Amino acid sequence: MQVEMQGLTKHFGATKAVNDFSITLYDGELVCLLGPSGCGKSTVLNMLAGILPVTKGKILFDGEDVTKHPPEQRGIGLVFQNYALYPHMTVMGNICFPLEIQNVPKAERIRRATEMAELVHMGDYLDRRPKQLSGGQQQRVAIARALVKNPRLLLLDEPLSNLDARLRLEMREEIRRIQLQTQVTTVFVTHDQEEAMSISDHIALMKDGYLQQHEKPQALYDEPANQFVADFLGNPPINNLEGTAQGDRFVSNDGSSFVCRGIEVVPSGTKINLAIRAESFVMENEKADSFMKCKIISVYQLGKEEMAQVEFGGNIFRAYISLENNIKAGDEVYLSLKDRGVFFFDKESGRRYI
Amino acid sequence: MSRQEKLAFPIERKRNFGIKRIFVHVIIFTIIFLLLLGLGLFGKKQLNIQADSFRRSSLIDSLHNKGIADIQSAILASVGEEYSSVIQKSVSSTKRMLKKDIAVMLDEEKTIDEIITHTANTIYAACEKNVPEYALSGIDITLKEKLPSIIEKMQEDAKAHIDELSIPEVRKRLSVNAPYYPLMYYSNALIAIAAVFLVFALILAYCWFTFDHDRKVKLANILEPIDYLLPFFLGVFVFTLYPIVRVVIMSFQERYKLDGSFTGWGIGNYEYVLKGIPGTSNYFIQGLINTFLYVIYTVPVSTALAIIIAFLLNKKLKGSALFQTAYFLPMVTSITAVGLVWRWIFNKNFGVLNAIIVMFSGTPIDWLSSTSYSMSVMVIFGIWNSLPFTIILMLSGLQNIDETYYTVAKVDGAKTPRIFRRITIPLLAPTIGLVLVINSISAFKVFTEVTVLFNGSPGPAYNMYTVVYYIYEMMHQRLELGRAAAAAIVLFFFIFIFTMLQRYIQRKWNYV
Numbered sequence: 000m001q002v003e004m005q006g007l008t009k010h011f012g013a014t015k016a017v018n019d020f021s022i023t024l025y026d027g028e029l030v031c032l033l034g035p036s037g038c039g040k041s042t043v044l045n046m047l048a049g050i051l052p053v054t055k056g057k058i059l060f061d062g063e064d065v066t067k068h069p070p071e072q073r074g075i076g077l078v079f080q081n082y083a084l085y086p087h088m089t090v091m092g093n094i095c096f097p098l099e100i101q102n103v104p105k106a107e108r109i110r111r112a113t114e115m116a117e118l119v120h121m122g123d124y125l126d127r128r129p130k131q132l133s134g135g136q137q138q139r140v141a142i143a144r145a146l147v148k149n150p151r152l153l154l155l156d157e158p159l160s161n162l163d164a165r166l167r168l169e170m171r172e173e174i175r176r177i178q179l180q181t182q183v184t185t186v187f188v189t190h191d192q193e194e195a196m197s198i199s200d201h202i203a204l205m206k207d208g209y210l211q212q213h214e215k216p217q218a219l220y221d222e223p224a225n226q227f228v229a230d231f232l233g234n235p236p237i238n239n240l241e242g243t244a245q246g247d248r249f250v251s252n253d254g255s256s257f258v259c260r261g262i263e264v265v266p267s268g269t270k271i272n273l274a275i276r277a278e279s280f281v282m283e284n285e286k287a288d289s290f291m292k293c294k295i296i297s298v299y300q301l302g303k304e305e306m307a308q309v310e311f312g313g314n315i316f317r318a319y320i321s322l323e324n325n326i327k328a329g330d331e332v333y334l335s336l337k338d339r340g341v342f343f344f345d346k347e348s349g350r351r352y353i
Numbered sequence: 000m001s002r003q004e005k006l007a008f009p010i011e012r013k014r015n016f017g018i019k020r021i022f023v024h025v026i027i028f029t030i031i032f033l034l035l036l037g038l039g040l041f042g043k044k045q046l047n048i049q050a051d052s053f054r055r056s057s058l059i060d061s062l063h064n065k066g067i068a069d070i071q072s073a074i075l076a077s078v079g080e081e082y083s084s085v086i087q088k089s090v091s092s093t094k095r096m097l098k099k100d101i102a103v104m105l106d107e108e109k110t111i112d113e114i115i116t117h118t119a120n121t122i123y124a125a126c127e128k129n130v131p132e133y134a135l136s137g138i139d140i141t142l143k144e145k146l147p148s149i150i151e152k153m154q155e156d157a158k159a160h161i162d163e164l165s166i167p168e169v170r171k172r173l174s175v176n177a178p179y180y181p182l183m184y185y186s187n188a189l190i191a192i193a194a195v196f197l198v199f200a201l202i203l204a205y206c207w208f209t210f211d212h213d214r215k216v217k218l219a220n221i222l223e224p225i226d227y228l229l230p231f232f233l234g235v236f237v238f239t240l241y242p243i244v245r246v247v248i249m250s251f252q253e254r255y256k257l258d259g260s261f262t263g264w265g266i267g268n269y270e271y272v273l274k275g276i277p278g279t280s281n282y283f284i285q286g287l288i289n290t291f292l293y294v295i296y297t298v299p300v301s302t303a304l305a306i307i308i309a310f311l312l313n314k315k316l317k318g319s320a321l322f323q324t325a326y327f328l329p330m331v332t333s334i335t336a337v338g339l340v341w342r343w344i345f346n347k348n349f350g351v352l353n354a355i356i357v358m359f360s361g362t363p364i365d366w367l368s369s370t371s372y373s374m375s376v377m378v379i380f381g382i383w384n385s386l387p388f389t390i391i392l393m394l395s396g397l398q399n400i401d402e403t404y405y406t407v408a409k410v411d412g413a414k415t416p417r418i419f420r421r422i423t424i425p426l427l428a429p430t431i432g433l434v435l436v437i438n439s440i441s442a443f444k445v446f447t448e449v450t451v452l453f454n455g456s457p458g459p460a461y462n463m464y465t466v467v468y469y470i471y472e473m474m475h476q477r478l479e480l481g482r483a484a485a486a487a488i489v490l491f492f493f494i495f496i497f498t499m500l501q502r503y504i505q506r507k508w509n510y511v
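From first to last, the protein sequence lines are chains A and B.
The end of the first sequence is residue 353 by numbering that gives the first Met the number 0, with every number in the run present.
The end of the second sequence is residue 511 by numbering that gives the first Met the number 0, with every number in the run present.
Hints are computed from structural coordinates only; laboratory data are not their basis.
Keep in mind that a hint or two might mislead.
[Stated by the list, open to error] Keeping only pairs whose Cα atoms sit at most 35 Å apart, straight-line, the calculated DSBU-like set for lysine-lysine is:
1. A:148 with B:19
2. B:409 with A:15
3. B:414 with A:55
4. B:19 with B:217
5. B:314 with A:206
6. B:507 with A:130
7. B:317 with A:55
8. B:409 with A:55
9. B:94 with A:67
A quick note: this is a predicted structure, and the numbers were derived from the prediction, not measured.
Just need the whole structure built from these sequences, with the hints factored in.
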């Protein structure tokens, strides 16, 4: 099902939780709503579910306006962070409950519930109570319960936050598998950028109630729309070098400078953040005008390569250096920049110059 | 392996202060020992003083009454009939004076010999005035002859009194109003407990002097928690455990009375309570039936009402704060004062309830004086009274249910009745179980409702006895403490069975 949100706005009294949020989700897509705590991503989810009334804007399901529809008329499945499995019912009872509400005959109920339990690999646990299951198993049951009534849209509200790191990895692959198998349009709310990057078709990154960028995961990483998107994605975080653009040169705050490719797009004299991903540095052997003269502060071994803490013009940043360079703390080195992973952001507005 | 070694990150603790704790205990135990011993000995001393005063007054009585009577009869035997009235008159004229004399002479530690001689002389002197001389000489001779035997008899009598008034007997005869009564009565127990403390103190002192450092630390570690628990346990022991044990013992002391007397050990109290006096109505059984009916009527109804009201209050509707206050009002008002209001509500001629009945063209009901409505009156008042606390428990139970259960159910399209039936009630089951237990126990103990509604009597025609009312009446009006205790034990037995049953059910309801 295609879901369209047009100018979605939600105010809680004076608090503006979501502002003018417009994206379109295509049929069978898994879309992540990503953002830090309090950015409004769960509010958007609740508005999609119909739990929260919309202040302004429209929600269209396959072109049909459902903004005013109550939750039960929207055909959605909902999974919570704490799973919200009914503790007094068995796994079978839990998965059957949505069908029971729809007055599906009992035999049919059991058939569909069993089928769904098989899909999430919980077929052997039908008689268990939720407290007898592990966190991951409970999550599977919660997903089965959400899917059993064949919803048009599946909403997952931070579904992996209660799991430990290893299970989280396993479950996110499971969610992706189940989603691909059922082809249900899915909205996945998370604050974990790695989680979002790894499973979604599109990511909608939010901050303070505003949509920052809606893109494919790799595009989001490679072409961040602004400073916030660049900062939010990537591990280690992107390096920000403060300074000024002077023609084709980047001048750092203490006066040291180098010729930087692409900086011409920035009006001369503008204060900018030169944002560089840690993997976008190349070690050079000789001195050149377009190379940064840096000082190594410390070096960390990471196995296949080294991570160095480097200083340039008063800015300290991290860079991946390949092992054969044999660097050590205190060395003076020259670094050049790759084309990829280098962005110029306005210091004041965070706007990107392209 | 010590507990500390088992920890992943052993915590280094300072233990020097702990070792001293043993020594501090020795001192504390010794002080407690001395204190208790002092109190016990003081009580013993007071008991002896009390015994002496009992003996003295009994001795005065015996010397005065029996001594004078013996002397009088001896005199009467020696003279003719014609003087009997005269002699009696003269003897009684001296009686008052003689009583004072005897008391004074006893204080001066005069012997019985001297006292009796003095009595005889005084009586003789009194007779001198009224009896002719020839008769006097006869009296004189008789007295001299009989006096030694009278004295001997009186000495034996005095000894018998002292024997009879042994210390245990004195303890029994002690009045609760007597000064130092508890110290006198429990002097032996005080000394015994003091001895226990002395033993503890000695053991610890021994440990302090013989143990090496490590064992001292170990001992101090054992003592530390006991330190913190002791004040609490003392309270529990004195005010909870001892009374419980005492009631059990008392229930087997047949016809135990306030003065501590009882006719013997046995199950007579239980027999009396359960069988009653043959041929009369047994108020205990009546009370038991009434109590059971009261429990069966009030508990389910008030629990069901409380669930519904709590469910509505929990919805945060408009004005629910006002309703909350209204529903919780009975909890903060005095049941006695409210009972008076209910008496007015139930009034036959001016009551609100009858006004409503008349409004719907019914006939007014004599709620409080007609025996057939007594139970209804009690049940209505009881439900109203137990509702607020039940609602509070239910509300807290409801608020413990995670909101997401409702959200998921609502998204799946469930309506309120189904959510209530399939989610709220099952998740509230542990609270419901708890409420059932608490409410049944308090309903089993129904008492105030009876006294307040029926003006201090058990129903209009003695038809509203409850078990606790029976206990109260046995104890405070008939002063039959043993029987009251037996009735209390029987009640406990029923509450115990009921509670165990409910606990069993409750465990089945608990899934979380």
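For which of the previously enumerated hints does the structure constitute a violation, in increasing order of number? As far as the earlier hints go, 1 and 9 are violated by this structure, in ascending order.
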